[in-house]
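Both chains come to you apart, so use the hints to assemble them.
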Amino acid sequence: MKILLVEDDKQTADYIAKGLREHGHVVDHADNGRDGLYLATGEKYDVLIVDRMLPAMDGLSLVKAARASGMKAPVLFLTTMGGVDDRVAGLEAGGDDYLTKPFAFAELRARIGALARRPPIVAATALGVGDLEMDLLARTVTRAGKRIELLAQEFKILEYLLRHAGEVVTRTMLLEKVWDFHFDPKTNIVETHISRLRSKIDKGFDKPLLHTIRGAGYVVRAPD
Amino acid sequence: MSSGRLISILRSASFRLPLLYAVLFILSAGVLFVTVYWTATAAMQSDMSAVLRSEAYQLAEVHRRSGLTGLADQITRRINFRTRGPIFYLLQAPNRRVVVGNLPGMPPVEGSIDFVPQLEAPEADAAHPKLMGFGLTLPDGSFLLVAQDSTRLTDMQHAIVRAFFWSSGLALLLAIVGGAVLGANFLRRIDTITRTSRAIMEGDLSARIPVRGTHDEIDQLVASLNAMLARIQQLMDGLRQVSSDIAHDLRTPLGRLRQKLEDAREHASTTSDYQAATEAAIEEADSLLETFSALLRIAQVEAGAQKSGFAEFDLSELLTDLGETYAPVAEDAEHPLDVQVAPDIKLTGDRQLIAQLVSNLLENALHHTPAGTRLSLALRKTDPGFELEVADRGPGIPAAERGKVFDRFYRLDRSRSTAGSGLGLAMVKAIAGLHALTIRLEDAGPGLRVVLQTAK
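Line order of the protein sequences matches chains A and B. So the first sequence is residues 1 to 224, counted in this note's numbering. So the second sequence is residues 225 to 680, counted in this note's numbering.
Treat the hints as calculated values from the structure; they're not laboratory data. Positions of the beta carbon are idealized from the N, C-alpha and C atoms, including for glycine. One thing to keep in mind: the hints can contain errors.
As a list, the in silico EDC-like pairs of lysine to aspartate or glutamate whose alpha-carbon atoms are at most 16 Å apart [what the hints assert, rightly or not]:
| id | chain 1 | residue 1 | chain 2 | residue 2 |
| --- | --- | --- | --- | --- |
| 1 | A | Lys186 | B | Glu514 |
| 2 | A | Lys156 | B | Glu548 |
| 3 | A | Lys186 | B | Glu587 |
| 4 | A | Lys156 | B | Asp545 |
| 5 | B | Lys653 | B | Asp631 |
| 6 | A | Lys186 | B | Asp338 |
| 7 | B | Lys531 | A | Asp135 |
To be clear about the criterion: a stretch of chain A counts as covered by chain B if any three or more of its residues have a C-beta under 8 Å from a C-beta of chain B, and this derived list gives those stretches [to be verified]:
| id | stretch |
| --- | --- |
| 8 | 145 to 158 |
| 9 | 170 to 181 |
| 10 | 184 to 196 |
With the rest of the complex left out, here is chain B (with noise of 0.2 Å):
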């Protein structure tokens, strides 16, 4: 691991927070401790107090019943055999004069002492021990003391302040351990999802961030930056595409329009002659304008714009009107046109885009087909909502270009030579989106049928 990783990880959110949760941890232990330190002190404290006083207030009995000698006596025998433990004691007869006990005379106190005192007994030699005692004078005016090693108390108060120094350095040590090895797997991950997104803004835009399988909160994350990526890709491919056609396709209408204007220039002679070009070369420009207006509209009913201008309208009474405004021109032009329509089908929408989209299939139908083709425009209620159909019996669609025609730019080979733009079927698929209205192409055997239907 370089040093330039190991601060990485140090700074690493996900290194920083279990050492955040170690300090915490440390400081309630911190509290535990003082606490148990505290609790345990004092009970133990009380304990031997209390053997103390009671042990004090029993001899006090004896001194009463028997005596100071009664006393004495007791207490000689407590010390030689040891019967409480390792208890001191110290008898001092009211002019002091030590009568009995394994303590050095000292001056009368009453209740509680702590003290260290200077002990002459062969047990105590190695070290002097603190000592707890308790004090009593007597109705005839002597003393009694009773006192207790109190080291057991310090070597527990000791064991405690091992105990909690040992456990919080061993928890320290896994929260830093713990948190490296966590902060270094997270950090790779992330690492992964950097390095991706670099190689995507250098072009590679196929580049996919890979997923783990954990189905965690980093994979999640993953997952939808995936699915954005994509999402991107699939935009900017159409993007692409729709650039290149564009240039493609209307390099040859300039093209011819430059040709107009440089042969009006070698060879027109008379004011006639320019008028004409001139009028040839507004046609040209015309027809431009109305393809870059096409893609436009295209473009805008794609991104959805127009959505905020829909309103429920009668279907039914649009493509009657449809049906009439088209049947004299199906008719100069040899067409016969069959309008069947359902009554009272309404649609949310956009009826000026409907419109576009019927007329646009009706003069598909209409220029691809040769004359006396019959056409058909049928309108009809199925369950939910509509099916909206429009067919010739003409030549019809090979299968394997069905899918194709939707395309901005595309045309049947035998279509190049009519006149149009190639962009009439991509408004429909446009519109048809916009409205979420799927759309099929069939075999009307022969034929073609182009059925719109209420997506279910």
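Pulled out of the complex, with its shape left as it was, chain A reads as follows (with noise of 0.2 Å):
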């Protein structure tokens, strides 16, 4: 992937720009914001990560510019100001995610992952991976045409898991897309629910669909 990178703290530009290289992405680095949109709107990318102050010209602003002049790629705002308004705000200049300093870098990239390949805005109403099914009209779920009951929590984590099959999903993205809490919850409810959704879907089959990556997340991927 084509990324670039609007940092001006140099140690975390390096970070990040090295991290992305080592997973063998390109990262174009532009230290101010006026630099920022010059290359935004000058080149092509895949994602942008914006924080949002920035000097000569601040993250919302570059945002805001790029999307008048028509870049359609993906916007990752990054900060540290971690207030709901604030999120809010960046959602609104054209961010479509939002990632509070200080962050794990597994975070960072499971949520490029997620926004460069964001599924079709043409609302699908069957996702399915393997043998698994998931109808969104009736709301059923059937694994090898067995139907599976599911509470609706459980749905609603799998809906979100199927609808990036095949990318690492952090405990983080789970607690903000599935429960809309953006804070940390200090039992392990994740865990917990996901535990439950396996134990449902995957127990009596041969071949596993739910997988944890230790230190990352999970991932709904079909059998090899």
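Given below as structure tokens:
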């Protein structure tokens, strides 16, 4: 992937760029808002990673200006401001996701992956992986033709995982997207619900679909 | 009174104001004076000349009836008997010979005249009075002059001037003395305010300006200044408390982090040793960062900055969701959770913050009660609003400590060994405050019951 990183703190920028390059991405870096906007509108990128506070031009204005000139690439805001208002302002300015510093690199990588392969806006009525099928209209799930009863929250988790099938989904992403929790609960909510979901969809089948990626998150993928 | 103090009184607004009023008073008194002086003079003058005119015409009538001799007799009588007060007469024949009179001869004039005669009469020895006269030429060509002493007029004018100067002088004196007294008094009160604010700037935050109890404008100003100072002191105390809490409570985890790194440097020999040490250090750092962001969030909520995100939402629905979220977690931890939510209760607020509030309360109950303890989450309709309750059947909180558990980093002795930052209830209190909800800790006999209620 070709990624534009607009970040003024050199140490953070080097850390992110190095990590992303190690994973095979091409990274362009701008250390101020004006250069960032110049690159964002001149080149074609798959994802933009933009810091909120930048010299010359702040991140919000940069993204607004780039969007106004027709830039379509998804944008991930990085910020030290974690308030709800800041998050809303970022999304309203044309950002697609929001990550508060400090963050684990795995979290950043998972979110970039999710952004770059965003599912088409067209509303799907069915999702699936391997022999697992989800009917979004009837709100039913079957595996190998056998009906699986899920609770409302389990259904939501599975739906989110299926929409990102093959991609790593982190614990924080699940908390934000499934529960709308923008804080870190002190209990293992995610682990508990994932383990219940797993026992419903994988128990009794040879090949598991729901995998735990240590130190990163979860992934649903078809068996090889 | 030192000269410096005098100068400052002279400079003070409260002195300058009476002075200004005094000047204005003198100016208006001046206008009054000119008017009175002018009107009184004019009135007196016209009065006097009317008397003279009528006297002259009366005598002219005598002349018409009895001729020059009759008139001379009449005038002589009037002079001798002073029948008309101190009036001077002059009757001159057409050849300018004085027929009769107590005034020296003079060229005839017609109408009103002011003059100073060379009197021969003994009563006018002392001074040559200024006279006001009225002259009339009679049909036979003789000249008649009637005159009156006009010193009366000048006396009156002098009296008016004197009265004006005395009264204005006295008023000015009163204004200056009164202004100085008032100014000194006002200045003393301002001085007190200045002194108190200096004391506060020098660090005595408890200093307050004394109120005089007169309920005047200065008292009101002082009262609101004092209220402001109290609020500032409260905020400063809070800040001081928070910073000392932070310094104190973050030392422990930072020390642990340092220990782990030092231990790795001294004892780790294999890559996996280092890896384990790094993992542990990252975990410790993450928990520190978590504490920091919790503190930051509490500060943001307390500052009320998130009120802009307020919207109406279905509280019943949120609590049902939270019940479903936590039921499996509680079940795994062997804490049966009862959820009883009344439907259709709406709240205007920040949905995410309320979710965090309820989560914090549920997690507290989960963490601080032994396995097997029953928990409950309930939402009830009350008048007005609602009552949200999280209760457990655990050991509860001693009554004496119930007020303190909302403080940042405060932990009950028996909870010190369990994981947690001691910030959960501080966050709960901040969120409740932002939503104007009152919070109550009760003995659930046994256990703890936390009740949040719409403020009446």
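List of violated hint numbers, smallest to largest: Failing hints, ascending: 6, 7.
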